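A.B. asks: One letter stands for each residue in the lines below.
Protein chains: 2
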Amino acid sequence: MPATIRDVAKVSGVHVSTVSRTFSAPHLVNPATRARVLDCAEQLGYRPNRAARALITGRTHNIGLIVADIANPFFPPLIKAAESHARGRDYHVFVADTNEDAGVEEELVLALAKQVDGVLLCSPRMSNTQIERLSRDVPLVVVNRPVPGLPAVVMDVAQGARLAVEHLGELGHTHIALLGGPRGSWTNREIRRSATIAARAGGIELTIIGPNPPTEEGGWAQAETVARSGATAVLAYNDLMAVGLIEGLEKVGVSVPAQMSIVGIDDTALSRRTRPMLTTVATPTAAAGRAAVDMLLAHGDDRRTTALITLATELVVRDSSGRPPSQ
Amino acid sequence: MPATIRDVAKVSGVHVSTVSRTFSAPHLVNPATRARVLDCAEQLGYRPNRAARALITGRTHNIGLIVADIANPFFPPLIKAAESHARGRDYHVFVADTNEDAGVEEELVLALAKQVDGVLLCSPRMSNTQIERLSRDVPLVVVNRPVPGLPAVVMDVAQGARLAVEHLGELGHTHIALLGGPRGSWTNREIRRSATIAARAGGIELTIIGPNPPTEEGGWAQAETVARSGATAVLAYNDLMAVGLIEGLEKVGVSVPAQMSIVGIDDTALSRRTRPMLTTVATPTAAAGRAAVDMLLAHGDDRRTTALITLATELVVRDSSGRPPSQ
DNA sequence: GGAAGGACTACAAACGTTTGCAAGAGAACT
DNA sequence: AGTTCTCTTGCAAACGTTTGTAGTCCTTCC
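Going line by line, the protein sequences match chains A and B. Under my numbering, think of the first position of the first sequence as 1, with each following residue one higher. Under my numbering, think of the first position of the second sequence as 328, with each following residue one higher.
Only pairs whose alpha carbons sit at most 30 angstroms apart, straight line, appear in this in silico DSS-like list of lysine-lysine:
id, chain 1, residue 1, chain 2, residue 2
1, B, Lys578, A, Lys251
2, B, Lys337, A, Lys114
3, B, Lys441, A, Lys114
4, B, Lys441, A, Lys10
Here are some chain B residues pointing at chain A (derived, C-beta under 8 angstroms):
id, residue
5, Pro329
6, Ala379
7, Val420
8, Ala438
Computed list of chain A residues with no C-beta within reach of chain B, every gap over 10 angstroms:
id, residue
9, Ala35
10, Gln130
11, Gly172
12, Arg189
13, Ile209
14, Ala287
15, Asp294
16, Leu308
Hints listed in this document are in silico derivations from the structure and should not be mistaken for laboratory results. Computed from a prediction, not measured in an experiment: that's the story for all the values here. All C-beta atoms, glycine included, are put in the ideal place defined by N, C-alpha and C.
With these hints in hand, go ahead and build the complete structure from the sequences.
C.D. replies: What follows is the structure, given as C-alpha cells:
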C-alpha cells in the first residue's frame with residue numbers, strides 16, 4: 001500500500017535506479033529530472049524503506065542501547081541524550097532494559113545484532129570475555145566500564161570520590177564510611193580504590209560497608225550499620241543509595257547533616273529534590289551518551305577504535321554535608 | 328560475514344527453503360532433517376535476518392514508542408513495562424523522545440513507520456486530525472488521550488481528581504487551588520472537569536491556576552500565586568509540579584502540610600522520596616504500557632480496533648496533606 | 001569530421017529471506 | 001493394481017532497495 005520506489009519511477013517516467021540516485025546520490029542526476037522525481041515522490045508520500053536499503057548497503061542506520069534498568073534515574077538522561085544525538089545524525093535507537101540480568105543482556109545483543117549498526121552497552125553486567133565475544137558479532141561501545149580492546153566511555157569517578165573525601169576532610173571529619181555498590185561493578189572498585197587513597201592521604205579512617213544492591217533499599221538497609229560504625233560521614237555508591245540511607249538514618253534517629261554527613265554520586269535529578277538536598281558527585285551522563293554514540297558511528301569507518309574516553313566529574317556541594325558533631 | 332540461511336543450507340545439504348521452514352514452520356519439515364539443520368545453524372551461529380524477513384512478510388516485529396520526555400519520571404516505568412512486555416512477545420522497541428514538540432512527533436512517526444509494525448504514541452502533543460492522518464501510514468495506539476477512531480489507553484484521572492478533592496474536603500478544606508498542566512493536554516481537561524464537579528458537590532471553592540508547563544519549575548513559579556490565593560490545599564497536575572510547588576512554598580515561608588496541603592498526580596518514584604512524602608493519585612503506568620502493547624499487537628489481526636481502555640486510579644495518602652490551619 | 005570525453009540514464013544482479021507451486025516417495029484406501 | 005492422500009523437499013519468484021556496467025546523446029577538441 002505505501003508508495004515504493006517503483007511507483008515513483010512509473011509516475012515520473014524514469015527508471016527506479018534514477019529515483020534511487022535522486023535520494024542517495026543527487027549529483028548524478030539531471031536537475032530537471034531530479035526536481036520531477038522529488039515532486040512525484042512528495043506527491044505519493046514516498047519514503048525510502050530503510051530495511052530494504054539496509055539489506056543491500058549493510059548499514060541499518062539504527063543503533064541499540066542496552067541499559068540495566070530504565071527506571072534507575074541515572075539512565076534516562078543518558079538515553080535521552082543518546083537518542084537525540086543519534087537522531088540528529090539520522091540514526092534511530094532501540095532501547096532495551098535487562099533488569100540487571102547478564103543473560104538477558106547477551107540475548108539482547110544477539111537479537112539486536114542484525115538490526116543495528118552497533119550497540120551501546122551501558123553498565124553491563126556481563127563478563128569481559130562475554131563482551132569481547134559479542135563484539136565479534138556487532139560493533140560495541142561500552143559505557144561505564146573499560147573493556148580491553150573495545151571503545152568505552154567512563155566517568156572519572158576516582159576523581160569524584162577523591163574530591164568527596166577531601167571535602168569531608170576539610171569539614172573536619174576523621175572517620176568516613178564508604179557505602180559500596182554491587183559486587184561486579186567497575187565503578188564500585190574505582191570509588192573504593194580512590195577513596196582509600198584519599199582517606200589515607202588525609203589521615204582519615206575509612207570503613208567500607210558492602211557490597212550492596214545499588215538501590216534505595218540497599219542504602220536504607222545499612223542505616224543502622226552506618227549509625228553504629230563510628231563514622232560521621234558517608235560516601236555512597238550512588239544517589240539512590242544515599243537517599244535511602246538518609247531515610248533510614250532518620251528512622252533510627254540520626255539527623256542529616258547535623259549528626260551524619262552524606263555524599264552521593266551521580267547528581268541525578270533526585271538529588272535536588274530531597275530534603276536535605278544532596279551533596280553529590282556530578283557525572284556527565286548526557287555527555288557520556290553523546291560521546292558513546294559518536295564513538296559507535298566513528299567505529300564504522302576505521303576498523304576498530306579502541307579509545308577510552310574518560311569524562312571529568314565534579315563535586316556539587318549542597319545541604320547533606322556539614323561539619324561533624326562537636327561532641 | 329555473519330552466517331546466512333544459504334550457508335546453513337549448504338552445510339546441512341538441504342535447500343534454503345527447508346532451512347527457512349525449519350525456523351518459521353517447523354511442522355512442515357521432517358524431524359530428522361530439522362534436527363540436522365538446527366545443529367548446523369547452531370554451529371554457524373546463524374540467526375535469521377529480521378530485516379530481510381520483514382521485507383517479504385511485511386511484519387518487522389518492531390514497535391515504536393514515542394514519548395514527550397524520557398527524563399520525566401512518569402515515562403520510564405511505562406517504557407520499561409512496554410519494552411519488557413513486547414520483548415516477551417518477540418518484539419523489539421524503538422524509543423524516541425520528542426522534547427514536547429509536535430513537529431518532531433510527526434517526523435518521528437513517519438521516520439519509524441516503515442521500520443515498525445505499529446507505534447505507541449504517549450501523551451502526544453499533536454492535534455487529533457494530525458494523529459488520524461498518521462494512522463493511515465502506520466497502526467497507532469495512543470496513550471493518555473482518547474482519539475476518536477483509534478485504539479487508546481487512558482487513566483481514569485477524573486476518578487483520581489474526585490478522590491483527591493473528596494479527601495481534602497474530609498480533612499476540612501473549604502478552598503482548594505487546582506494547579507493546571509499544559510494547555511493541549513486531555514488529562515488536564517479531565518482533571519479540571521472532574522475537580523470542578525467534585526468541589527461543587529462538596530461545597531468547596533475551587534481556584535484554577537494555569538495553564539502551566541508540567542515541570543518542577545512550572546510548580547515552583549506559581550508558589551506565590553498559590554500562597555496568596557486563599558486556598559489551604561492544592562491539587563497539582565502531576566507530581567513534578569507538586570514537588571516544585573512545595574519547594575517554592577517553603578521559600579516563601581509556607582509550610583507543608585501545616586499551612587498548605589498538597590496532592591500530586593501520578594505516584595512517580597519521586598513522591599516517596601520527597602519530604603514531606605507526597606499524597607498523590609496513583610496512575611498505573613506500567614499496566615498502561617502493557618495494555619498499549621497488547622492493543623497494538625491485536626490491532627494487526629482484525630482490521631481496526633477502536634477500543635478505549637480506561638485504567639482505574641487510586642489515591643495514596645502520605646504526608647503532604649493534612650487538616651487546614653485552624654487559624 | 002572523427003575521436004574523446006562528459007553527462008545522464010537504463011539494465012540487471014544482488015542483499016537474505018518467505019512462500020506458492022510442483023514433484024517425488026511412500027502409505028492407505030478401493 | 002490403480003487411485004488418492006500425506007509428508008517432505010526443491011524450485012523460483014518476490015519484497016524494495018542499491019550499484020556496477022553499459023549505453024545514448026551531446027559537446028568539445030584536434
